[in-house]
Structures are given as structure tokens and as C-alpha cells.
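Take the given structure of chain W and dock chain P to it, following the hints.
As you go down the protein sequences, you meet chains W and P in turn.
Under our numbering, the first residue of the first sequence is numbered 1, with each subsequent residue one higher.
Under our numbering, the first residue of the second sequence is numbered 513, with each subsequent residue one higher.
Because the hints were derived from the structure by calculation, they are not lab data.
Being a predicted model, the structure only gives us computed values, none of them experimental.
Worth double-checking, as some hints may not be accurate.
Only pairs whose alpha carbons sit at most 25 Å apart, straight line, appear in this in silico PhoX-like list of lysine-lysine [stated by the list, open to error]:
(1) W:Lys429 / P:Lys591
(2) W:Lys285 / W:Lys489
(3) P:Lys605 / W:Lys429
(4) W:Lys489 / W:Lys137
(5) W:Lys446 / W:Lys137
(6) P:Lys609 / W:Lys429
(7) W:Lys163 / W:Lys285
(8) W:Lys429 / P:Lys596
(9) W:Lys163 / P:Lys591
(10) W:Lys288 / W:Lys250
(11) W:Lys489 / W:Lys163
(12) P:Lys591 / W:Lys489
(13) P:Lys609 / P:Lys648
(14) P:Lys648 / P:Lys596
(15) W:Lys163 / P:Lys596
(16) W:Lys250 / W:Lys292
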Amino acid sequence: MEEITSLLHGFQVALSWYNIGLMFLGIILGVIIGVLPGLGGANGVAILLPLTFAMPNTSAIIMLSCIYWGALFGGAITSVLFNIPGEPWSVATTFDGYPMAQRGQAGAALTAAFTSSFVGALVAVIMITFLAPLVAKFALRFGPPEFFSVYLLTFCSFVGMGKGSPFKILAAMMIGFALAAVGMDTVTGQLRMTFGFTELLRGFDFLVAVIGLFGIGEILLTMEEGLAFKGETGKINLRIVLQTWAQLPKFWITSLRSCLVGCWMGITPGGATPASFMSYGLAKKFSKDGDKFGTGQVEGVVAPETAAHAAGTSALLPMLALGIPGSPTAAVLLGGLLIWGLQPGPLLFVEQADFVWGLIASMYLGNIAGLIVVLTMVPLFAAILRIPFSIIAPVIIVICSIGAYTVHNAMFDVWLMVLFGVVGYVFKKLDYPLAPLVLALVLGDKAEDSFRQAMLVGQGDLTIFWSNGLVGSIVTLALVMLFWPVISKVLARLRSGRLNGVPEGRAASTEQ
Amino acid sequence: MENGNHSEGSANRSISTRAVDATVAAVLIVFGAVIMYSSYQLGAGWGAEGPQSGYFPFYIGLMILISAAVTLYQSVLGKADRGKVFVEYEQLKPVFKMLAPTLVYVLGVQLLGIYVASTIFIAGFMRIMGKYSWLKSLLVGGGVSVFFFWMFERQFLVPLHKGPIEAWLGF
Chain W
1 MEEITSLLHG
11 FQVALSWYNI
21 GLMFLGIILG
31 VIIGVLPGLG
41 GANGVAILLP
51 LTFAMPNTSA
61 IIMLSCIYWG
71 ALFGGAITSV
81 LFNIPGEPWS
91 VATTFDGYPM
101 AQRGQAGAAL
111 TAAFTSSFVG
121 ALVAVIMITF
131 LAPLVAKFAL
141 RFGPPEFFSV
151 YLLTFCSFVG
161 MGKGSPFKIL
171 AAMMIGFALA
181 AVGMDTVTGQ
191 LRMTFGFTEL
201 LRGFDFLVAV
211 IGLFGIGEIL
221 LTMEEGLAFK
231 GETGKINLRI
241 VLQTWAQLPK
251 FWITSLRSCL
261 VGCWMGITPG
271 GATPASFMSY
281 GLAKKFSKDG
291 DKFGTGQVEG
301 VVAPETAAHA
311 AGTSALLPML
321 ALGIPGSPTA
331 AVLLGGLLIW
341 GLQPGPLLFV
351 EQADFVWGLI
361 ASMYLGNIAG
371 LIVVLTMVPL
381 FAAILRIPFS
391 IIAPVIIVIC
401 SIGAYTVHNA
411 MFDVWLMVLF
421 GVVGYVFKKL
431 DYPLAPLVLA
441 LVLGDKAEDS
451 FRQAMLVGQG
461 DLTIFWSNGL
471 VGSIVTLALV
481 MLFWPVISKV
491 LARLRSGRLN
501 GVPEGRAAST
511 EQ
Chain P
513 MENGNHSEGS
523 ANRSISTRAV
533 DATVAAVLIV
543 FGAVIMYSSY
553 QLGAGWGAEG
563 PQSGYFPFYI
573 GLMILISAAV
583 TLYQSVLGKA
593 DRGKVFVEYE
603 QLKPVFKMLA
613 PTLVYVLGVQ
623 LLGIYVASTI
633 FIAGFMRIMG
643 KYSWLKSLLV
653 GGGVSVFFFW
663 MFERQFLVPL
673 HKGPIEAWLG
683 F
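Pulled out of the complex, with its shape left as it was, chain P reads as follows:
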């Protein structure tokens, strides 16, 4: 990460570490508060047969709240990470190029089953990101899926999520 320490004024547009730090801390404060509230509703006190269900989680929530509040305070008013870059937009592109296909893939697994979706995912990724020929991409994608089918369904007898195409083939 050679570009890790550009100042905010440099040509590369970027997100500052402090902004992300503060956002995450704020989310954690809400998270902690939700835990405390939900534990309080369950009963966070001392019941007839000892500590109630919410007793332990209530204090866990409290500690999340406190530590996130300190982190928020430090990131907004502290001097430590001033000018530090969390990620540049240029670097974020490849991250989304990985994340977006992954999300589509998981949706595909849900709808088409794991084997078909994996074949398409691997072949598509190779074709688009790696510029391989369609034939090579499909061979690798199909090969990996067939290998996993053999390993899981035949060797380990662990059935994975299947969709309409496997059903049509009679599995």
C-alpha cells in the first residue's frame, strides 16, 4: 500500500480514515444501545432463580456503547489519524469488482443452486477480469463445479444447495 499516506489535499480522491472510524463507532453505539434495550426488555436484573436472560448481555451492550463512544470521541476530536486515508476511490474500484459479483453469485446460489452458480461465477469472473477465452473459462468453471460435486455429493455425502437444473437432471 504505497499510497497509504497521501494527505487529503492530494490529487487522488479518497475517503479519510477518521470519517470511516467515526461512522463505524456511531454504528456500534446504536448496536450497543439496541442490545441494552432488548436485554432490558427481557429482564436484565435478578430474577427468582438467579440472573435473568438479559443480565449478561446488558453489560456487554453497555461496554460496546462506552468503548464505541470513546472511539467516536477520539476519531472526531483526536489528532492521531488526521489526514490518513482509509481508501482511495481508485482502490475501491477493484474491491467492488470483487464484492458485486460475489453478491450476485450468492443470489445465484440461492436461485440456481451452488453448482450452476459456481460454474457461471468462475467462468464469468475469468472471462471479464482475466480476459480468458470463453472456452477456457467455462472449462475451468465447469471442472471446479464437477470436482466439488464429486467430492461433496459422492465422497463426503454432504448435500449442497441445489436448484432447478440439478432437479431436472434428477439429483
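Chain W on its own, in the form it takes in the complex:
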């Protein structure tokens, strides 16, 4: 068991007082970020990323990934207590979590949510521990065509699995690629699309885009909806925790199913949000209390939370093993690796074993730390939400501005952030998905490089992408995904489809 040895070594790396301190700091910051409107996992990590440049790499990634876990946990608090999903992946948690809180069972709902989050994350981490090294080893044989085909599959999956107009998904994605191309072309040294503006030489930094799109855009949306936080109070004590825990084992089959859904949606870039909805829908369909879902069933909290966390965690698998993130937050973390001079992808497991296994070990520890923090500190986090919006909103804008400024110490970036904020607001309202845009912006250069190299190998002939079985099947699968909206329509017409989905209106508007 090579992995166990590596993992134990990873624990040695991660288990220092400094790192454990950062872990708790990260979790607490993450939960606060998850609770506040306008700040989420992706832009929270983006804002704090420049501050970690002075830290050792492993400590920095431990803190940033813990912020991510914290944000995943935090979303549940607002969903249950305030009926407001703090994060898009906790929308489905409101369906049964809030009714439970209204009946005075907020403590039980929160305990169930946190515990299932923990279980989902744990299963995903175990999967990463054993699967990621295998995938990385396999990917060591990849050449440029193979890498490009995996990129292609990632992006085509957005079209195939996304809800809403495939043309809007495609447009959003291509905007990301276009913005990534601005600035110096690393291969030829030529300037692209700068139109004579010196500020554009640097290109568009994805961190600025993420802070604007998700941060400022979200604040503008919140203003429009005229949000007022009125919520139930949540008390958690040991008795409630133990009582709820005693109840949970009987939902093991829901839990297991949600883990599988979550892991699958996390590795493929489906993401945590659709995973939580899908898992809720499946639980509703298969549970014997299915018709009572929506009235405050514990099972209805377990299903989406388990899946969201499993998905959010397993999104790191393709990031570590292939260098392809499965979610916007994973994309930001990947950007961090690039800034630290680490090349994500299969070689990372060989060249940076300390880093990788330290990170994987910290995922185990971070989620335990997370569970402890959220179970003990719920009232504190709920109190943050009671701070009036007229104080919170300007403070969040100040934080976002500082975050955008620190990326390159440039005022131009702060203006860009506001522009991205307005774009984010309009795009969200028109159902242009932001996740593919951000992923394309992060991966644009790498995808283009692998495309160019593949074309060089093939001397400009596209048949290079069908030159062997592996690359051929991935590219074919990618094309099936790309044309899935058409294919599924044809299939549905063939056997007059029956479609009974979960409520999806709110998911589409808050997708992240």
C-alpha cells in the first residue's frame, strides 16, 4: 500500500502547530465567507491568495483549501437558519432545512447538515487518496493531443451537462478563452488584443475577474432582491448532536448514493450545485418518505449536503492529478499553484510529493477541524448575519477592492473588478453561466499551448486528435457531450420523454 505510506508522510508534513493553526484560521474565515452574501469560496480564496505568497507553499495551500471547506460548511448555516442559501450549492438544503428550523429543530437540521457534509467530504478524500495517484500515473503518458482532448472534454461537458441555453454556455466559455488570450503571446512574444493600451499588456487576471463576477455581481443582485435577514435561532448542544447522530445511520443508503453522485459530479466538472440538486431529487424519488420531502425531513438535508461536499472535495482530484480543476474554487487554487511556481498535473505527484500528500492529509484534518468549528460556533456565525446590510455591503466592497488591488498592485484592476461586477450581474440574470467563463480564463493559456503543440505534431492536421485509441475516444466523448443538447432532444423525441426534475429555477439563477 504505497498510498498509505505516502499519506502517513503527508500527515507528518501537515501536523505542525503552525499548519494546524492555519487550518482553524482557514476554516473560520471560510465559514464567515460562506455565511456572508457576496463572498464565496471562489472569490474568498482569490482575495486571500496574494496574502499567502510569503508562506511556505504547503502551509499556504492548507490554509486556502481550509477556507474552501469552511465555505462549504458555511453555506448550510444560512440555508437552515435564514432560508437564504449562502452558497449556490446549499440551495437544496433550504428545502427541508428551513422547515425544520421553523419547527424549532434548527439544531438537529444543522447537526445533520454538518455531519453529512463531513461524511461526503471524507468519502471524497478517501477516493482522492487512492484514485488520484493512479490517474496521475496514467496521465504521465499523456502528450499534448491527450491533454488537449481532456481540456476539450472538460469544456464540452459544461455544454452537455449544463442547464439553460447551450449557446450561452458556449459564449460564456469562449469569452473566458478570449480574455485569457489578451496580452503577450508566450510562444511568439507578440502582443494580442491589447489595442495599444499598456494596462492590457498584463492581460486579464482571473483573480480580478473572480472577485468582480462573484463578489460585486452578487452584492448587486442582493441589493436588487432587497434582502433582509430574518431568521430562526439555532441552538446546538451535545444532547441534540448525539440525538441527531443516533438518527443518521438509518439514512445510510441515501448517504451512500449522495456520495457517489457527488464524487462523480465533482470529478467531471458538473460541480457541487447540480450534484446537490440531483442528489436531493434522487433521495426524494427513492425514499419511502419521499412525498414528505420539503416539509422538514432530515433525509432531505442529508442528501444535498453530502453530495455538495463530496463534489466540492472531489473537484480537487482532476486539479491535482491532471491540472484541470472541477470547480471555480478549484480553478482559483490551481491558479495559486501556478503562481507559486508549481506545475499542477501528473508530475506534481512525482516532483512535489511533500506538497501533494501534505495537502491530501490536510483534507482529512481540515474536515475534522471544520466539523468541530461549525458545531461549536454556530451562534457566532449566525450573529454575523444579523449585522445590518448597510454595514456589511460597503465592508465587502472594500475587501473585494483590496483583494483586486493586491493581485498586481494596480488600480486598473480595481476598475476592472467593478466592470466584471456589472457583467456578472447581467450575466447571472440572463443565465450565462459564470463557472465555464472562469475555468476558461484560468486554463486558456494551457489549453491553447497544448492545442498548438498538438497541431505542430500533426502538422496542422486535425486527425492528430484521432491518432490513437485513447485520444480518439476522449475527443469523441467530448464531441458527444458538446452535441448532447441536440442528441438528447432527438432521443427524447424517439421515446416521448418523461422529465420530472427537482425545482431548478433558483439553481440556474445562483449557479456558481
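Below, chain P alone, put in the same frame as chain W:
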């Protein structure tokens, strides 16, 4: 968003989703065309040492152009969003109440530096939107700025954008 589905004839004046959808699609068509043109000028073909700089972006621009054109077609002639409201003017007011101060704030950061501008922004927003007393507003605004100063300049040693007042104080 309870008012999300009013028909266009209702009392609340609003902007229709189709209009915004079509406008955004039109802007994207121009965006795509500009990318294609600029890539074409750079060379979008096959040079001596392989694909030229504009090779990849040219097709990106083309795909933006095509997908935006389809979206434009759907929003003008399609039936999907007919009568759907993008935003009511009443809802737009608070959005601008947030956006306008934000723009002024960023201008303020440029001219006065981040700490002074943040103090004024937070205090002003609290005073005008939240109707807090000047004292409370200034205390919160100043407190947040001092906290960030301590955190960034002292703890993380990340210098932020400073203006004349910090210079006068000797930072």
C-alpha cells in the same frame, strides 16, 4: 423575487428580459468580430514555425460570434422569454444606490488612497443608507480602515494604494 413574472402591461415599469438578452448578444457579436479582426491582423494562419499568434483566438472569436448570433436570433424571434421581466425600475434603484457609490469609492481610492476612501465610503454608506449617527458611522468606517492597515501594512507587509494623507502622515 416575487415580482419576477409580471407581464409587460402591468403597472410596474420594467425592462424586458428579451431586450437585455438581445442587447448583450449584439454586444457579444461585436466583441467576437473585434477578436476575429484583431487576430486576423496578427496572422491567424500557419506560419513558418507552426500556428501563428492569432490562430487560436480567431476561432474563439468565431465561436463567440456564432453563439451570440444564435442567442440574438432566439431572443428576437423566439417565444421562450416573451413577457419576462429582466428588472423593474423600482428594483433597479437599490442596484444603482450600490453601484454609484462603489464607482465613486473606486475613484476615491485612486485619488485619496485606499484607507481614507474606505473610511469615507463605509461611514457615508452607513449614514445615508442605514441612517446611523455620524459618530457611529465614522467609528465603524475608521475602525475597519485601521484594522486593514494593521493587517496589510504591518502583519502581511503588503503595501496598499496610498494617497496624499498617508504621505502627509509619513507612511
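Query - Straight-line alpha-carbon gap W:Lys489 to W:Lys163, limit 25 Å - result: holds (13 Å)
**Report entry** Pair hint outcome, P:Lys591 versus W:Lys489 [Cα-Cα no greater than 25 Å]
**Finding:** holds (18 Å)
Requested in this report: Sort out whether W:Lys137 lies within 25 Å of W:Lys446, counting only the CA atoms.
Outcome: holds (20 Å)
**Report entry** 25 Å Cα cutoff - pair W:Lys429, P:Lys596
**Finding:** Holds: W:Lys429 and P:Lys596 sit about 12 Å apart, inside 25 Å.
Report task. Please work out if W:Lys163 and P:Lys596 have their alpha carbons no farther apart than 25 Å. Result -> Holds, because 18 Å separates the two Cα atoms, which is no more than 25 Å.
Query raised in the report: Has the given pair, P:Lys605 with W:Lys429, been kept, meaning a C-alpha gap of at most 25 Å?
Result: At roughly 16 Å apart (the allowed maximum being 25 Å), W:Lys429 and P:Lys605 satisfy the hint.
Requested in this report: Below or equal to 25 Å on CA atoms is what counts here, so check W:Lys285 against W:Lys489.
Outcome: holds (24 Å)
Query raised in the report: Has the given pair, W:Lys288 with W:Lys250, been kept, meaning a C-alpha gap of at most 25 Å?
Result: holds (12 Å)
Query raised in the report: Holds or violated: are the alpha carbons of W:Lys489 and W:Lys137 at most 25 Å from each other?
Result: violated (38 Å)
Query - Agreement of W:Lys429 and P:Lys591 with the hint, judged by alpha carbon distance not exceeding 25 Å - result: holds (18 Å)
Report task. Could you grab the alpha-carbon distance between P:Lys648 and P:Lys596 and see if it respects the 25 Å cut-off? Result -> violated (43 Å)
Report task. Sort out whether W:Lys292 lies within 25 Å of W:Lys250, counting only the CA atoms. Result -> Distance ~17 Å between W:Lys250 and W:Lys292 Cα, so the pair holds.
When the structure is compared with the earlier hints, violations turn up for hints 4, 14 and for no others.
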